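Chains as they are written, first to last, in the working numbering: chain Z, 1 to 512; chain Y, 1001 to 1052.
No wet-lab data here; the hints were simulated from the structure.
All of these numbers come straight from a predicted model, not from anything done at the bench.
Quick reminder that beta carbons are idealized off the backbone N, C-alpha and C, glycines included.
All clues stand as given, with none of them false.
A short, non-exhaustive set of chain Z residues, derived as facing chain Y with CB atoms under 7 Å:
no.	residue
1	Pro386
2	Ile392
3	Ile395
4	Pro397
5	Val398
6	Ala401
7	Glu402
8	Trp460
9	Ile484
10	Thr486
11	Gln488
12	Gly490
13	Pro491
One side of the interface only, derived from the structure: several residues of chain Z facing chain Y at Cβ under 7 Å:
no.	residue
14	Ser2
15	Leu396
16	Glu399
17	Ser457
18	Gly482
19	Ile485
20	Tyr487
Far from chain Y by the CB rule (all over 10 Å, computed), these chain Z residues:
no.	residue
21	Arg61
22	Gln75
23	Glu95
24	Gly112
25	Glu113
26	Val138
27	Tyr181
28	Tyr199
29	His258
30	Arg271
31	Ser291
32	Asp304
33	Val409
One-letter residues, chain by chain:
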Amino acid sequence: MSYLQLDKGFPDFTKLVLSLWFRVPQATIDAVMLAYKNRPDVPFDGIIPLMTFGPSVKRKRYGYRSIVTGSYELQHEFWNNGSPSVPVCAWVVEEDYPQTLPIVGNEYFFTGEEYDIEPSYIGIDCRQTRGEQGDPPVPILSVNLQTTQRPAAFNGVEMGVIWTGMPSPRLEWWPPPTPVYGPGSIPICTMPPTDAEGYVIPVRTYTMTQHYRSLPLVLLGDVPEAFRTSTDMFDNLGNYGNVGRSGNELVVVPDHWHHVILSVDLTNPVRTQGEEIDAEFPPYPRPHGGSVNSYCKMWLAYDDVNLTEGKLSYYWPTQFSDPNALITTNAWRAYNAVRNKYYVNPPAFNDLHGNTSNFVGADYPVATFEMVTEAIKASGNPLGIPASGQYIDHILPVEMAELQLFTGVTLDTGIEANRRAFIDKNGIPVSPSATDEAPPPAVKLLGKKPDVLLHDSDNWIAGRNTGAEPTDKPGDNLTPTGWIITYQPGPSLHGAQTPAAEPAALSRAAAD
Amino acid sequence: MSEIPPEGTVERPFRENPPRLLLEAHWGGGLAVHFFAGAGPPVPAIPPALRR
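Could you build all of it, start to finish, from the sequences and the hints given here?
Structural data, given as structure tokens:
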């Protein structure tokens, strides 16, 4: 059958430890890749859910348009080489000039539409979320802890420029002046003076003034903040910002058991600041971003390998001192935003049209991001495995085992002894059951019972939560919908991975 | 000679004499489960005697 649902969810958390075994058939990955159409407004497009929880959140749709911000006068002149009807050897105003033209800028804007995006989930992201443009997509494990918060403060990203000041009149000519020769190859007329490189020496000076508008509120306020492992950087305009960055190492091998231990500590506020540089040609890619003043943490062991830094999350701030640091999506963008002093007020320059241009950039601030982190909401909305009923159309065949979920505690997965409470050195699960002699290793290690424990296929099939306070009350257990069947081979990293023979019930059910 | 087991003893007759589909569904038992797509195929009918 097809999914388990715990209607009341589980406690909201700032700290979490989760251990889960999962296995994704090749056919499931093929199906979701085939169906993927890059539709941001369809939750789980390109993502195979393993677990969903918390409220669904809305994203505001935005567009991009040209706007008129003012007008300027444009002057066209030519160097008269010999026409006797007008002054010879002088600049002459072309017919129909000067003209008054609009100053056109561009802006992002909210269309007024909103659409649902995914709630918090653990899943397999089958979109192209790592590698280079044109590489085949690789399925990767993806964690999305979705807040309902928008940043408390954010400004200064160098996105979007509105021109509101232009020279008046601004001089242009076309084509550039060329000599005309009379008899004996003698130029009829002297040419206007040029500099050593042949450019016309400026004949006038003007000032261009650049103004910045607070576009980040549109661009970055479209979606609540999230703590993630893989990037969410694609937008309404078809930009897929992650391409070109190697991304994390959470590659999911099809038809093979995988084990994940995830832990987070989201108690700290998130505060980041962009970088300030002063260079005409800044190094690209830049080695690091600005500064991280306060951050949260994530620990993740995948197939018994502890992951840190960029392998842990796309949103690890590059070159930051803490290898387990995690910041939210827009905090990461602020961290990587640049205020380039050079382009705020560059030296005056010859614009090659005979003008000396003084460029006055708006003195925009360094990007800053601040968010006081609230608990991730997991109560009051269903926990779904692989997804709740709301996302039933996106549930695909997967295998799972041995879910343990603890709120209120953290675990450093870099310490091998900590991992051994969940997975032994041979790569098989450590039983979460108590014995006569000792409590379950994970309970002993973390000092509390799991909020959700699904152990043994019989309990999975019945949705029986044998975690903190097992009860017979229907609301405390998960409700199975459809048919969930046992699966063998059981979870292991190095043991048999494919069934000796497909269970007849499975193939019959698949054919139904 | 009722075949309906007394309360609390469902497990034993269920395991000893499950319906054929459920036997296959419990193929081997163990730790892991398989989820089907969407709502999945309908739950096979369990004889009243074997319902929990």
